[in-house]
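Peer 1: Start from the sequences, fold in the hints, and give me the full structure.
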Amino acid sequence: TPRKSYSTAWKGLINDPHISGSTQINKGLIKARELLVGITKLGLPISMEYLDPIVPQFMSDIVSCAVFGPRISESQVHRELASGLSSPVGFVNGTDGSLQQAVDACSASTCPHSFLSVTKQGLAAIVHTN
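At position 103 of the sequence shown the residue is numbered 107 (the numbering used here), and the sequence of numbers has no breaks.
FYI, nobody ran anything at the bench for these hints, they're computed from the structure.
Take the hints with a grain of salt, since some may be wrong.
Claimed, not checked - Okay, derived cross-link-like pairs now, EDC-like style, lysine to aspartate or glutamate, Cα gap no bigger than 20 Å in a straight line:
id, residue 1, residue 2
1, Lys45, Asp56
2, Lys124, Asp56
3, Lys35, Glu53
4, Lys45, Asp20
5, Lys15, Glu53
6, Lys31, Asp56
7, Lys124, Asp108
8, Lys15, Glu38
9, Lys35, Asp56
10, Lys124, Glu78
11, Lys35, Glu78
12, Lys124, Glu38
13, Lys124, Asp65
14, Lys124, Glu53
15, Lys31, Glu78
Computed from a prediction, not measured in an experiment: that's the story for all the values here.
Peer 2: This is the structure we're talking about:
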């Protein structure tokens, strides 16, 4: 059965590190990165679902595999992002359960793209992938 999307649920460690609705994203990025570095130091690989196109610029050097869920797999922005990631990428089947969305996402992410993103320093940049 399809999973419900809750707009009022906790938005995760990066967006709300204190689970208080504070939206202290800068602190959340630091906490999330510290957590992932700690897990990596244990010798465990990291797989992460990139929900927005900005976070990968701050986490991609410690992520072994990127995953895109059903809703994200349908997003052109995320397909473009996937084309520039240096880690392996996995796409999940579409929200309707079919594999075609994942197949289309894989095909689109193998093509070159140009899109607006940020550098590791947080500056706006146009990214070109091949």
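Peer 1: State the violated hints by number, sorted upward, taking the hints as numbered earlier in the document.
Peer 2: 1, 4, 7, 10, 11 and 15
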